[in-house]
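Residue numbers (the numbering used here), protein chains in the order written: chain A, 1 to 614; chain B, 1001 to 1370.
No lab work stands behind these hints, which were simulated from the structure alone. Using N, Cα and C, we set each Cβ at its ideal position, and we do this for glycine too. Mixed in with the good hints there might be a few duds.
Said to hold, decoys possible - Straight line, CA to CA, 16 Å or less: simulated EDC-like cross-link-like pairs of lysine to aspartate or glutamate:
hint, chain 1, residue 1, chain 2, residue 2
1, B, Lys1065, B, Asp1028
2, B, Lys1187, B, Glu1027
3, A, Lys523, B, Glu1107
4, B, Lys1125, B, Glu1181
5, B, Lys1318, B, Asp1339
6, A, Lys438, B, Glu1053
7, A, Lys18, B, Glu1071
8, B, Lys1080, A, Glu93
9, A, Lys18, B, Glu1053
As the list claims (entries may be wrong) - Covered stretches of chain B, going by a simulated chain A footprint (3 or more residues, C-beta under 8 Å):
hint, stretch
10, 1064 to 1078
11, 1083 to 1089
12, 1103 to 1117
As the list claims (entries may be wrong) - From the structure, some residues in chain B lie toward chain A, with a derived Cβ separation under 8 Å:
hint, residue
13, Leu1052
14, Trp1093
15, Pro1094
16, His1095
17, Pro1156
18, Ala1172
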Amino acid sequence: MNNKEPEVQKRSGNLLYKIKSYFSVQANVLIVLFAILLLVLTIYPMYSVIRSAVTVGNMDSMMYNSLFGLKLKNGNFTLLNFEMLLGNAFTAEYSTSYFWKPLWNSLRMSAYASVIAILLGGIVAFLITRTDIHFKRFFSSVFIFPYIMPSWTLALVWKNVFANSNVGTGVVGMLESLTGICVPAWFVYGIFPCSIVMGIHYAPFAYILIGGTLRNMDANLEEAATILQASRFRILTKITIPIVMPALFSTILLVFSSTMASYAVPVFVGSPGNFFVLSTRLSSLYNSTYSGQAFVMTIVLILFGVLLLGINQRFTGKRKSFTTVTGKSGQVSYIKIGKANIVLSVFLIILLFMISIFPIISFALESLCENQGDYSHLTLRYWLSRENIGGYAVNVGNGILFNKSIWAALWGSLKLSFIVSIIVGTCGILIGYAVARKRGTRLASLVSGLAFFPYLVPSMAFGAIFLAVSSKLTFLRGTMLLLILVGSIKYLPFASRSGTNSMMQLSGEIEEAALIVGASWPKRMLRILFPIQKSSFISGYLLPFVSCMRELSLFILLTTSGTLITTLLSYFDEKAVTQMSNGINLLIVIIVLLVNFTTNKLTGASIDKGVGGN
Amino acid sequence: MPRITLHNVTKQWGKFIGVNNLNLEIEDGSFITLLGSSGCGKTTTLRMIAGLETPTRGEIRFDDKLMFSSEKNINVPAAKREVGFLFQNYALWPHMTVYQNIAFGLETLKWKKNDIHARVAEMLKTLKIEQFAERYPAELSGGQQQRVAIARTLAPKPRVLFMDEPLSNLDAKLRGEMRTELKRLHKDMGSTFVYVTHDQLEAMTLSTKICLMNEGVLQQYAPPLTVYNEPANLFVADFVGNPAMNIIEATARKLAANTAEIDFLGHKGIFKADNAFDLKSDKISLGIRPEFLPISDAGNLEGLAYSTLPAGMETTVKIKIASDILSSVVFGAIDYETDAKIRFSIAGSGILLFDRSSGLLVAKGSISIQ
């Protein structure tokens, strides 16, 4: 019987049909597409990091050969990078100073910063969501300034204020010039300012995540305890805190890993006091082209990130069981804090002035000083001069407002940020759509996991990886395209997270109702899904824009100083043209705040939603 | 208006079978309810017919046109099936006004502007929501939202209208009103309605035919009164009717082709069926609707008043007899003292005899107590 023949044919036809019908659903197309794309974008960099870590680099060969009497050549396989950095008998001192001590410093700094961020952010979140404190709206909008502004903003301000003639280069800061007080060296540079500045920078992050949970917590949960005659304190410790616990853990871990990877702050207020952390050591290893060891360090940082994310996943996995907290929230009865209200309000106003408003004033003032730190002679020269500002070792150019290279760099940054935010925001929405529609499938968890991967790679290392990539794909080298590519990948995590959050909130029926009347997929996206979640989707565009605008460490290895405003800023800062660098900083801060507030007013989008708060 | 045919339709998720080998023919212009408790596969069935879910196996036809066939690899997308779907939570688009919600489908179908305007106006009028045209869904009450959802679904003149528990989010009074209007709408429109519900009263009052499902398997597909009076098996008997049918375990002995002696509740009776029947075993269950247990002093059975539940128009009396508790429904309000003696009888020709092990209906007839 020739029964078998048609059987086989039917099967293969069936398979083809199955594939065809699988891909007739847009969510399936997207999920497969992003799975492939993200796999490539994760595996390739990881591969190149590991390869570089076990390869003899340019300078490595010279050092290793002279140290150990070897005859290694460029590109040979070696484990010496690991041995050198992580330590063996020959290099104990080296590895202590380049790896173990900085690691210990990184861990301490991250731990302190997390505690500061949680305490500050948590207390403000509690005051704003649970008590009848005054000026809530003002507090909640101004409190997120430090997160919107570049992270080094506060570090620079710290320097501007506390530097004094007894410390470091002896530049006179605001405090000394106004009062004559000289704070001790540990106060100016080192772990103390690093932790505080990082803590304050990420406090808004804690505020957004913890406040979101508190705000969405079903009032009934607390009311039920009130009915059972539990005291306020008991409710706080037994109900409220346990419920925000997952958000708390989540924040700690995110702040911890962000601080581990941060570069700019330890450079500004750490390194001058010989306080080194992994990321600053990483940068000097890259710069000294001991690249093999730099990649070993990158692997360590990524492993830390993976570990922290793993812990975080465990907690947020549990958090799902708490999601009833995002139910219909009734009117929360605010705790009446009575007379403390005025005290706390005034305290908050002062605090917010210090961390959110003062930096702007400080930058403005510094950019007006004829001589750095001398507030008695102010001038608009650095802003308005139409002639070259002389007197420095480098060519500074005209005053900021008439400086062609500043305008060019600013335009470059704006262009880059705009394009990156369009790409990232759109990908975030599409990933969110695909993940939400395919929720529960393996492919969906793969995609949402991979989309978060770039978060684990420190910006500096990310830049280094793509520097290596661009040396292979030479058409990318030094181009805007490369910066766009790097930025787009680096900022995907939060965009895909907020995209997923907002897509999950939409029931499938909302889309099916349009599907059944024959609306095409683009039409369903543009006319139904996007408008409904407009403000959170636009937030998905806003955050990458802001982040890109203020990003330095990601791009610094990949481009020349004149391309972006941040790289130009870093150049002026290095060359100690402080009036210019402060002025440029002011410019960045103002642009970022302006974009944030106009977008917020026009569309209701906000950074909070972009971070994944509610 | 098409006739819808389901042939051996199965839906499987991994090993779990949601709908098992379902065969169904939905006649043109009928009002079909898919009835069952939650998780029985009724919504899945509806979504498969509408094209929102893909069956694992089987065939679905609208008239003679194949909409889905696993054999022939055909799957017409939902949008091309020209059907309407009314969702349980309405799925109104919150960013569009009532007018825009209704007009959206027509715009997608590329209707002319004037036609769209006329049709929307017509729908607004039919559903009595003209005054809300410019409001947003969030500004409407549940009942008004429901009307908008119906208007939106009906506007493109779908050949078939599918409804997934559309009234379950409304309060009892509104639900009653909407039922009346849905039935009226069905008459006026003349299209085929397929309606999912877990509320047997809704199924009874609305449909021309009920499709009762349990654990993915079709139990009975018949007009409501047939389902009520001649349930195909014990599951159907128990599911339909409120208060539920009294199911009494009994033993039976055949006396003649259509007669058997029944031993039940400590009494002996003669069961006389309408037709000849066969008994596979002597273990049977008797099914007696509460309305067939009239209470009167002349009754030949005696029990104790276990509990009395007066509802105004009628009263449900729970009677304890032997080890069973039976329900009886009496017209009007009465109240028995707990544990008072009650005399009652078994009346009418609607007494059902089921085979206990298979659960299948064997015969229908009357009983006389000896």
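Tested hints:
no. : hint                  : in the structure
1   : Lys1065/B x Asp1028/B : holds (14 Å)
2   : Lys1187/B x Glu1027/B : holds (15 Å)
3   : Lys523/A x Glu1107/B  : holds (11 Å)
4   : Lys1125/B x Glu1181/B : holds (14 Å)
5   : Lys1318/B x Asp1339/B : holds (10 Å)
6   : Lys438/A x Glu1053/B  : holds (14 Å)
7   : Lys18/A x Glu1071/B   : holds (12 Å)
8   : Lys1080/B x Glu93/A   : violated (74 Å)
9   : Lys18/A x Glu1053/B   : holds (14 Å)
10  : 1064 to 1078          : holds (count 4)
11  : 1083 to 1089          : holds (count 6)
12  : 1103 to 1117          : holds (count 4)
13  : Leu1052               : holds (6 Å)
14  : Trp1093               : holds (6 Å)
15  : Pro1094               : holds (6 Å)
16  : His1095               : holds (4 Å)
17  : Pro1156               : holds (6 Å)
18  : Ala1172               : violated (22 Å)
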